[in-house]
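So the protein sequences, as listed, match chains P and L. Each residue of the first sequence is one higher than the one before, counting from 2 in our numbering. Each residue of the second sequence is one higher than the one before, counting from 22 in our numbering.
These are calculated hints, taken from the structure and not from any lab test. Heads up, some of the hints might be wrong.
Claimed, not checked - Capping the alpha-carbon separation at 27 Å, the derived lysine-lysine pairs in DSS-like fashion look like this:
(1) L:326 with P:154
(2) L:231 with P:154
(3) L:49 with P:14
(4) P:71 with L:49
(5) L:49 with P:152
(6) L:89 with P:14
(7) P:21 with L:49
(8) P:21 with L:397
(9) P:153 with L:231
Stated by the list, open to error - Derived list of chain P stretches under chain L, where covered just means 3 residues or more per stretch with a C-beta under 8 Å from a C-beta of chain L:
(10) 74 to 87
(11) 124 to 130
Stated by the list, open to error - Example chain L residues on the side facing chain P (calculated, C-beta under 7 Å, incomplete):
(12) 33
(13) 37
(14) 314
(15) 319
(16) 357
Backbone N, C-alpha and C fix where the C-beta goes; we use that ideal spot for every residue, glycine too.
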Amino acid sequence: MEFREELLRIMEKNSRMNTKELAVLLGVSEEAAINELKALEDEGTICGYHTMVNWDNVSTEKVTALIEVKVTPQRGQGFDNIAERIYNYPEVESVYLMAGGYDLMVILEGKTLKEVSGFVTEKLSALETVTGTATHFILKKYKDHGTILGKKKEDTREIVTP
Amino acid sequence: MRDPLAKKVVDIKPSGIRKFFDIVSEMKDAISLGVGEPDFDTPWHIRDEGIYALEKGKTFYTSNAGLKELREEIAAYLKRTQDIMYDPVSEILVTVGGSEGIDVALRAMCDPGDEVLIPQPSYVSYEPCAVLTGAKPVIINLKPENEFRLTAQEIEEAVTEKTKILVLPFPNNPTGAIMEQSDLEAIREVIIKHDLYVISDEIYGELTYKGKHISIATLPGMQERTILINGFSKAYAMTGWRLGYACGPKNILAQMTKIHQFAIMCAPTTSQYAAIEAVKNGDPDIARMRDSYNMRRRFLLNAFKEMNIECFEPFGAFYVFPCIKEFGMTSEEFATRFLQEDKVAAVPGTAFGDSGEGYLRISYAYSLERLEEAMKRFAHFVEKLRAQKNA
Numbered sequence: 002m003e004f005r006e007e008l009l010r011i012m013e014k015n016s017r018m019n020t021k022e023l024a025v026l027l028g029v030s031e032e033a034a035i036n037e038l039k040a041l042e043d044e045g046t047i048c049g050y051h052t053m054v055n056w057d058n059v060s061t062e063k064v065t066a067l068i069e070v071k072v073t074p075q076r077g078q079g080f081d082n083i084a085e086r087i088y089n090y091p092e093v094e095s096v097y098l099m100a101g102g103y104d105l106m107v108i109l110e111g112k113t114l115k116e117v118s119g120f121v122t123e124k125l126s127a128l129e130t131v132t133g134t135a136t137h138f139i140l141k142k143y144k145d146h147g148t149i150l151g152k153k154k155e156d157t158r159e160i161v162t163p
Numbered sequence: 022m023r024d025p026l027a028k029k030v031v032d033i034k035p036s037g038i039r040k041f042f043d044i045v046s047e048m049k050d051a052i053s054l055g056v057g058e059p060d061f062d063t064p065w066h067i068r069d070e071g072i073y074a075l076e077k078g079k080t081f082y083t084s085n086a087g088l089k090e091l092r093e094e095i096a097a098y099l100k101r102t103q104d105i106m107y108d109p110v111s112e113i114l115v116t117v118g119g120s121e122g123i124d125v126a127l128r129a130m131c132d133p134g135d136e137v138l139i140p141q142p143s144y145v146s147y148e149p150c151a152v153l154t155g156a157k158p159v160i161i162n163l164k165p166e167n168e169f170r171l172t173a174q175e176i177e178e179a180v181t182e183k184t185k186i187l188v189l190p191f192p193n194n195p196t197g198a199i200m201e202q203s204d205l206e207a208i209r210e211v212i213i214k215h216d217l218y219v220i221s222d223e224i225y226g227e228l229t230y231k232g233k234h235i236s237i238a239t240l241p242g243m244q245e246r247t248i249l250i251n252g253f254s255k256a257y258a259m260t261g262w263r264l265g266y267a268c269g270p271k272n273i274l275a276q277m278t279k280i281h282q283f284a285i286m287c288a289p290t291t292s293q294y295a296a297i298e299a300v301k302n303g304d305p306d307i308a309r310m311r312d313s314y315n316m317r318r319r320f321l322l323n324a325f326k327e328m329n330i331e332c333f334e335p336f337g338a339f340y341v342f343p344c345i346k347e348f349g350m351t352s353e354e355f356a357t358r359f360l361q362e363d364k365v366a367a368v369p370g371t372a373f374g375d376s377g378e379g380y381l382r383i384s385y386a387y388s389l390e391r392l393e394e395a396m397k398r399f400a401h402f403v404e405k406l407r408a409q410k411n412a
């Protein structure tokens, strides 16, 4: 695998890796690793460093909704303008333009069902180009960002084998 | 009552690994670097095929040599990776792991008194399997100055009129050594000159970190005198499925299949169905696991360098083989003290032959976090030993 791709794969799984360790794993000098990281950050390929949190383990109530949104695209701007009006709301987690039965997928995090439904009825549906919405609530997360939640895997191999 | 046991069996030394295992299993809180199998689960699409085969009731014997489709896929795999042709009908036998392939090949080819060249350090089964056939194992002690590769001169020095077979265990367990094209070319001439047959154990063939693995069978004149042993355990993380294969000249394979037929009947059916999926669609899995092993390999080599522990760079399998001679202990003493004092289990090099004396086998089939912790403890242990020596 190419050095750059290899670096991204490591960082995607463990962004806490320091540059010294990173350099060892990739078989390059620490300076080369630092430079590559900086370049990737500058060009916006690495857009941030996050922590995977399993909020189910925390008492704080949290509701995640996936909202299908149908919109009327605008001449000259397509979907970009309406997408921007939606993603600027801080409670919106993600916005994707979709192929298929609807146009935008909006992922929303709120404290309560009421808060989420308030957003949908008062803010989202009120946008003039929005022609319809369908809201789905997440009941349980099994796997997120490639990580299986909840279970820690144990090493069940024999201790010493030839 | 008379002694129920066969003398040649009783005379075989038990595996050094077994002995060490017994010590390790007493220590509940130890962390281990001792396994010889991948830490990855078998990729899901492969397990899924196994489950599907069970659901469909595919629970009967297969033909002795293995499912035809599997043998065809193995032939296609060897063609695309090594550019070498085997006839799936008469030149491929599906076995219960690579280990059965080694056993059956030796049994098919050795008469009592024949000599079998076995380079060591190497996997523990070659010598006992040769002994059970009545053949005489002749050990070649591989040298650290050659990075534990086999040289033509070493073969030349060990050959007698009775030498018939050379076991070629590369990429090597426990040293991680590989044989590159030029190394193979160098030994080819001696092999042909002395009319030897080769049992080439290539079970770690997919795990090399310096160019692609090359089978000795691809060299001119070698396919007709080579039994190529490979399997699914290491490449696809399928150790528990117990599935391997042997390829070679028709006349030898026919006799190997005969032994396999009487002793084993056929390799496990579920595993064979899963293996078809593995060899057909598993190339990306191999690449992913290989990349991961390679990072851990670099991590360990760097850790030993920082500790000032001598360790040649291994380019195959998932082992490093650091030298611990500076501490003036045997491998077994070192490993036992390391286990007792800093709670890490690493296998003494002598478990793989006398020439492993002064070395440890460290497996990197573990997560990076585990390796990091283990290397911290290694550094601590080594510092302590050096301080004691200087005191």
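Verification of the hints:
1. L:326 with P:154: violated, 31 Å
2. L:231 with P:154: violated, 32 Å
3. L:49 with P:14: Status violated; Cα separation ~31 Å.
4. P:71 with L:49: violated, 60 Å
5. L:49 with P:152: holds, 23 Å
6. L:89 with P:14: violated, 41 Å
7. P:21 with L:49: violated, 33 Å
8. P:21 with L:397: It holds: about 16 Å lies between the C-alpha atoms, which stays within 27 Å.
9. P:153 with L:231: violated, 34 Å
10. 74 to 87: Result for this restraint: violated, n = 0.
11. 124 to 130: violated (count 0)
12. 33: Cβ of residue 33 (chain L) sits 15 Å from chain P, so the hint is violated.
13. 37: violated, 9 Å
14. 314: Hint on residue 314 (chain L): violated, closest Cβ of chain P at ~11 Å, above 7 Å.
15. 319: Where the cut-off is 7 Å and the nearest Cβ of chain P is about 5 Å from residue 319 (chain L), the hint holds.
16. 357: This interface hint is violated because 13 Å lies over the 7 Å limit.
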